[in-house]
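Residues per chain are reported as follows:
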Amino acid sequence: MKNPVLILALAISGGAMALGLWSWQEWVKTSSGAQSQQWQAATVLPQARTLPAVELLDQKGQPYPSGQLKNQWHLLFFGFTHCPDICPNTLALLAAINEARSNNSQAAIQMVFIYLDPQRDTPAKIKAYVEYFDKDMLGLTGSEAALAKLSSGLYLPYVIGEADANGYYNVDHSGSLVLLNPQGQVRAYFSTPHRLEAILQDLDKLTRS
Amino acid sequence: MKPQHALLALALLLSACGKTQNQACSSLVVSDAWIRSLPPGPTVTAGYLQIENHGEATVTLSSFSSADFERVELHETRDLDGQLQMRAITGLEIAPGDILAMRPGGKHLMLFNPKLPLKPGEQHKLNLHCAASSLSIMAD
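From first to last, the protein sequence lines stand for chains A and B. If you count the first sequence from 1, position 113 lands on 113 in the working numbering, and the numbers rise without skipping. If you count the second sequence from 1, position 13 lands on 13 in the working numbering, and the numbers rise without skipping.
Hint data in this document are derived by calculation from the structure and do not stem from the laboratory. Check each hint, because a few of them may be wrong.
Derived pair list, reagent style SDA-like, types lysine to any residue, alpha-carbon separation capped at 25 angstroms [to be verified]: (1) K115/B with A139/B; (2) K127/A with T43/B; (3) K127/A with G67/A; (4) K107/B with G67/A; (5) K125/B with Q72/A; (6) K127/A with K115/B; (7) K149/A with E76/B; (8) K107/B with T192/A; (9) K119/B with R120/A; (10) K135/A with V159/A; (11) K127/A with Q110/A; (12) K107/B with R78/B; (13) K127/A with P42/B; (14) K125/B with N89/A; (15) K127/A with Q62/A; (16) K119/B with A131/B; (17) K115/B with R78/B; (18) K205/A with Q62/A; (19) K115/B with D79/B; (20) K135/A with P120/B; (21) K135/A with Q47/A; (22) K125/B with R71/B; (23) K119/B with A95/A; (24) K115/B with G82/B; (25) K107/B with Q62/A; (26) K107/B with K127/A; (27) K115/B with T122/A; (28) K127/A with P39/B; (29) K135/A with Q72/A; (30) K127/A with G121/B; (31) K107/B with A88/B; (32) K127/A with F112/B; (33) K107/B with D140/B; (34) K119/B with A128/A.
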């Protein structure tokens, strides 16, 4: 990405979206009042919201419309494979959530890793990556337009950075997890820093409600 | 030399006297060094270690290298209100008695383009470079 105006525009829109999510989460916390006290880690929406409808691809390279993310609870995280610090940590966290739930005889949540870097992350690379952490994890990607629509609709901005002299670039992205209910609607967010025990407690209450 | 240049030189000299600099890596003790193994695909992984300065002077780490990787950089993950950014940092100073802990979610080594596929359980040699010397360690 070489266009400085576009980078600036993306940075500004990213900042605006981050501010929007923060203000919105603050409003949700205030408006849900005493109810918010019961949550250890989650920001639970007073009313579940519709997930933006976009066409995605799964790790087998097959079409996977976002509307297919329903009929069970899903937990979404956004990242990219050339992210060696936070992304593997978060994938390990997602795997640990299901391991703990399985030990407590609770139903597994479908974990979904959404790849924001379709230029480097092909479905074959995504398959190897997600299955290394959890054989049941779903890896999705899509066109830049589809990913931008999905992330902005969830108030989780990302910015693809400029390549360095060696051609390496970063993707700045949100660390939040998004919980979808079995109707495929956004039910709650979990923002960083993530604490496994707190997330497990909240997921237990949310998935039973 | 103009008077303002003389003043600047004096200020620099005084600041240099106030903080002793060690040009060598000899006072650094490294522990808990490990490299994350990843599936094939990404051309970059992360390394973590703890560096303690047992000396009497501040040590500046100028760079890192490894024969097993094309290049090694020092990076830091920053969490800005939930937005995660990763940026390269250079010229890391470690004061006497200080411990620099590289851990997941913070400072880490970026290990680019491994020359052979990484396998769990194998060790890799990492080199820490200071102005006048280098230090080699093994990372799990």
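message: Hint by hint, where does the structure go against what was stated? Just the numbers, ascending.
response: Of the numbered hints, 4, 5, 7, 10, 16, 17, 18, 19, 21, 24, 25, 26 do not hold.
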